[in-house]
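A.B. asks: Sequence:
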Amino acid sequence: MVLTIETIESAIKRASIMIARLGVALLLLQAFLIVADGLARWWFSKPIHGLEDVSGLMISVIVASLFPAILIGRQNIRVTMFGRFLNPKAAAWLDVFGHFILLAFIAIIAWQFTLYAVETRVQTTLILRLPTAPTMWLSAAILLACAPIQGFILFTEIMKILKPQSPPQPTQA
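Note that numbering that gives the first Met the number 0 has the sequence shown beginning at 0, numbered continuously upward.
In short, the hints are calculated from the structure, not lab data. Every residue gets a Cβ at the ideal spot worked out from N, C-alpha and C, and that includes glycine. Some hints could be false.
With a Cα cut of at most 27 Å, we get these calculated DSS-like pairs of lysine-lysine [stated by the list, open to error]:
no., residue 1, residue 2
1, Lys159, Lys12
2, Lys162, Lys45
3, Lys162, Lys88
4, Lys88, Lys159
Pairwise CB distance ranges, derived in the manner of DEER restraints [unchecked claim]:
no., residue 1, residue 2, range
5, Phe81, Gly37, 41 to 49 Å
6, Phe43, Asn75, 38 to 46 Å
7, Met80, Lys12, 23 to 31 Å
Let the hints inform the model, and build the full structure from the sequences given.
C.D. replies: Printed below as a string of structure tokens:
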């Protein structure tokens with residue numbers, strides 16, 4: 000099998016969607032637990048013990064798990080207002096600049112979250128005394144994976160400018 004930009008992007012997209020599905024499943028689990036906690040408080044006057052701890056651990060993984068799919072799907076916010084005043088090639092380069100800024104931003108987020116994960120190696124939650132490090136490291140790993148994904152997006156956008164697709168030639172009968 001020959002590795003092309005399309006096959007690499009397809010593989011990244013499949014992995015990103017799988018990670019995002021994990022995040023959505025965790026979000027649904029968290030919502031179910033919150034509803035169950037509310038019902039337990041209402042019906043039995045007893046909350047689910049430690050739900051705050053579990054929710055706190057889940058939320059960082061939930062948020063981080065959505066980043067790869069957003070990036071590879073190019074669903075991030077883009078400002079195109081300035082590009083309207085430029086020719087198409089200059090607007091494309093302005094878009095590349097935006098992708099570069101996003102790469103820098105993602106790298107900073109991943110770096111800072113990794114530093115935070117290192118600090119949590121001995122921390123536990125307040126109620127259940129669950130270790131916080133595993134979920135922080137999982138979130139950090141997902142965020143660290145976002146930097147190469149955004150780097151790939153930046154590369155593909157530059158390649159689109161440098162090697163524009165030629166329109167298909169009509170066939171003669």
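A.B. asks: Where does the structure disagree with the numbered hints, that is, which hint numbers, in rising order?
C.D. replies: The structure breaks only hint 2.
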